[in-house]
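The hints should help you fit chain B onto chain A, whose structure is shown.
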Amino acid sequence: MNVKEYIASGILELYVAGTLSAAENLEVAQNAKTHPEILKEIEAIEASILTLSKEVYPSKYPHNFDTLKKRIHLDSKKVISLPKQKKSWTSYMGWAATILLTAGLFWMYNQNNSLRSEIESAREENIDLEQKIANSRASEEKTRALLTTLRDKNITVVPLGGQDVSPNSYAKVYWNKSEEKVFIDAQGLPKPPDGMVYQVWSLQLDPLSPTSIGLLEDFATDGDEVFALPNTNDSEAFGITLEPAGGSALPNLEQLYTLGVVAS
Amino acid sequence: MELEKLIIQFQKKDEVAFEKLYTMYAENICGAIYTIVQDTSRAEEIVQDVFVKAWNKAESYDASKGRFFTWILNIARNAAIDEVRSKSFKEQKQNLTVDYFVGILEATENEEETPNIAPLRASLLQLKEKCIQVISMLYFRGYTQKEVAEELNIPLGTIKTRNRNCISQLRANMSSHL
Chain A
0 MNVKEYIASG ILELYVAGTL SAAENLEVAQ NAKTHPEILK EIEAIEASIL
50 TLSKEVYPSK YPHNFDTLKK RIHLDSKKVI SLPKQKKSWT SYMGWAATIL
100 LTAGLFWMYN QNNSLRSEIE SAREENIDLE QKIANSRASE EKTRALLTTL
150 RDKNITVVPL GGQDVSPNSY AKVYWNKSEE KVFIDAQGLP KPPDGMVYQV
200 WSLQLDPLSP TSIGLLEDFA TDGDEVFALP NTNDSEAFGI TLEPAGGSAL
250 PNLEQLYTLG VVAS
Chain B
0 MELEKLIIQF QKKDEVAFEK LYTMYAENIC GAIYTIVQDT SRAEEIVQDV
50 FVKAWNKAES YDASKGRFFT WILNIARNAA IDEVRSKSFK EQKQNLTVDY
100 FVGILEATEN EEETPNIAPL RASLLQLKEK CIQVISMLYF RGYTQKEVAE
150 ELNIPLGTIK TRNRNCISQL RANMSSHL
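Top line first, the protein sequences correspond to chains A and B.
Counting with numbering that gives the first Met the number 0, you get residues 0 to 263 for the letters of the first sequence.
Counting with numbering that gives the first Met the number 0, you get residues 0 to 177 for the letters of the second sequence.
The shape of chain B in the complex, shown without the other chains:
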C-alpha cells in the first residue's frame, strides 16, 4: 500500500516520492543495465537517463497493467539495448558478446568484496545454467516466451514452468543467506 501511494505521488510529479523510488530501485536498475552493457560507468549514466525518462513519462505508468518495477525495468532494458546498438558503444567495445550474468558473477568473484555479500553471490552461482539463461532472457533482456523457446530450442509451453522452477530455486538460494 505504501508503494502504491508513493507511485501516485510520483505520478503527480512529487520529487520526494521520486527520490524514494529512485533510492529503492536505482541499484537494481543499474545491475540489470550492467548485464547488457557490461561497463559500470556507462551503466550508471544510463540509470540517470532511465529515471529522467521515467519522470518525464510518469503519467504513462498504469498500475493495472503491471508492477512499477516491471515498468521501469522495461525502460532500463530498452535504454541499455539502445546503448549497445549505438555506434559509439560499438566503437568502444569491439567484438562484445553480451554474456549472461553468470559470467559477470564469476568475473567479480575474485574481486575484493564485503564478506557478507560473497556467499549470496556463491548461492546465485548454484543456479543451473538453463535457469541463468531463462532468467537473463526474460527479465534482463526482454525476450518474449516465444523468443526464449526459439533461442533455447525448447517447447513454448515449457517456458512458463521452467522459469517458475528457476525463480523458485533463486528464492530458495537467497533465503538460505538472508
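Bound-form chain A, shown alone:
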C-alpha cells in the first residue's frame, strides 16, 4: 500500500468527520494500526478540528466536572431506583375488590340490623299475643266460674228494677247464701260519670237500714260488668246508688238507680 497516496486521498479527513461507511472505518482503523504515519496523520487532522472547534467558541468554556459527576450519579441512582410506576391491572382489581367488599359488608350490616329489628318487633308481637291468649284464658275461666256460680242450686236471683233517677236501668244480684257472696250483674246500668262510683247496699226493710257491701270499681274497664262482692248480711233487699268516688257511709237515696227485694 502506498501510504502517501492513501493519506493524500482525503479518506482520513472523512474518517475524522465520521462520514465513512462502517467497512471503510474498519479499514482505516486497521491501517492506522499497521502504519504509524497514518495514525499520526489522523491525529493531526483531529487536532486541527479540535483547535477549530475551540476557537469558534466566543467565550471561555467553564469546565464543571462536579456538576457532571452529580448528574451521572443521579442518573445511575435514577436507573436503579426507578420502579415500574405503571399500575398493574391487579392493583386496580384489588381496589375494586376492596370497594365491593366494603359495600357488601355495609349492606350486610344494614340487613343484619333490619333483621334484628324485625326479630325484636316479632318478639314484642309474640309477647302481646301471649298476653292476649292469657287474658282470654283468664276471661274464659272467669266466665266458666261465673256460669258455674249462676247454675249453683243455692243461688238466689234478685232482679233490681230501675228507679226515678234512671227508670231504664236494671241489674241482677246472684246471691249464694251458703258462700256469703253476691254477684252483681250491672250490665243494665249506665256508665258512671267521672268521680262517681256505684255502691251496692244490703237492706233490712223494717226498719229500713242499709249496709254497704261494696263498690262496683272500674266499672268502665271491667268488661263483663259482673262484680263479686262478699255479703254476710241477712239481706231482704238490694239497692245500687251512685256515690262519690270511694263510696259513702249512708246511701244517697236521690241517686238510687236500682232496687230489688229478695223473694222469700
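Keep in mind that the hints are not guaranteed to be accurate.
Stated by the list, open to error - For lysine-lysine, the following DSBU-like pairs were computed, each having C-alpha atoms within a straight-line distance of at most 35 Å:
| hint | chain 1 | residue 1 | chain 2 | residue 2 |
| --- | --- | --- | --- | --- |
| 1 | A | Lys-3 | B | Lys-64 |
| 2 | B | Lys-56 | A | Lys-32 |
| 3 | B | Lys-4 | A | Lys-68 |
| 4 | B | Lys-56 | A | Lys-68 |
| 5 | B | Lys-4 | A | Lys-59 |
| 6 | A | Lys-32 | B | Lys-127 |
| 7 | A | Lys-53 | B | Lys-19 |
| 8 | A | Lys-32 | B | Lys-19 |
| 9 | A | Lys-53 | B | Lys-56 |
| 10 | A | Lys-59 | B | Lys-56 |
| 11 | A | Lys-53 | B | Lys-12 |
| 12 | B | Lys-56 | B | Lys-19 |
| 13 | B | Lys-145 | A | Lys-53 |
| 14 | B | Lys-11 | A | Lys-53 |
| 15 | A | Lys-39 | B | Lys-12 |
The hints are simulated quantities; they were obtained by calculation from the structure and are not laboratory data.
In this text, all values refer to a predicted model and were calculated from it rather than measured experimentally.
Chain B in isolation, oriented as in the chain A frame:
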C-alpha cells in the same frame, strides 16, 4: 496509547478517566455545539447533556469504528440539532439562520480577547469560504458527502479532495501561529 487506555477505563465507568476525557474535549465539543445553537449558555448546558449521554452509553463506543472524538462529536451534533429543532428553542430564537462558523468568528472579532488568541482567529478567517462551508457541513453539522455535494452543487467525487485541501489549509494556518 495513553488515550486508548483512558478510553478503556472510561468504558469501565472509571470516573477519573471520564474526568480526563471531559477536560480534554469539553471546550471543543462546546464550540462545535455553539456553531449550531449560537447561544453560549445553551451550548454549555448541552455539553453537560452530551457527556452524561456519553457516560451512559460508554460501552457502545467501538474503537475499530472510529475515533473517540468523532464518536462524542457525533453525540454533540445530534444533541445540538435536536435543540435547534425543539419547540422551546424556536420560541426563543425566531428566524434563526444557522450560519457557518465564519460568521461566528467575525462576530467575536470585536470583542475583547486575549492577544495571543486573536491572531489564530485571524488565520482561521483566511480560510476560503468554500472551505468554511465544507468543514462546517462535514464536521459540525454531520452532513454526508452526498449531502454536501448537493448543497454546494459540486460533483460527489470532488468532496473528498476539496475537504482534504481545506483541512491542509487549516493546519497550515494554525501551525504558523503555534
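inquiry  = Lys-56/B and Lys-68/A were given as a pair; does the straight-line alpha-carbon distance stay at or below 35 Å?
reply    = Cα-Cα ~15 Å, so holds.
inquiry  = Hint check: Lys-145/B vs Lys-53/A, CA-CA at most 35 Å. Holds or violated?
reply    = holds (27 Å)
message = Lys-53/A and Lys-12/B were given as a pair; does the straight-line alpha-carbon distance stay at or below 35 Å?
response = holds (26 Å)
query = Lys-53/A and Lys-56/B: Cα distance at most 35 Å?
reply = holds (25 Å)
request  = Take a quick look at whether Lys-59/A and Lys-56/B sit within 35 Å of each other, Cα to Cα.
outcome  = holds (28 Å)
35 Å limit on alpha-carbon distance, applied to hinted pair Lys-53/A and Lys-19/B = holds (17 Å)
ask   = Is the hinted pair Lys-56/B and Lys-32/A satisfied, with a Cα-Cα distance of at most 35 Å?
value = Given that 35 Å is the threshold and the Cα spacing comes to 25 Å, the pair holds.
request  = For the pair we were handed, Lys-3/A and Lys-64/B, check the Cα-Cα distance against 35 Å.
outcome  = holds (22 Å)
key: 35 Å Cα cutoff - pair Lys-56/B, Lys-19/B   = holds (17 Å)
inquiry  = Need the status of pair Lys-39/A, Lys-12/B: alpha-carbon distance at most 35 Å?
reply    = Holds: Lys-39/A and Lys-12/B sit about 28 Å apart, inside 35 Å.
message = Next pair to validate is Lys-4/B with Lys-68/A; report whether the Cα-Cα distance is within 35 Å.
response = holds (21 Å)
inquiry  = For Lys-4/B and Lys-59/A, compute the direct alpha-carbon distance and say whether it is at most 35 Å.
reply    = holds (29 Å)
This entry satisfies every hint, going by the numbered hints stated previously.
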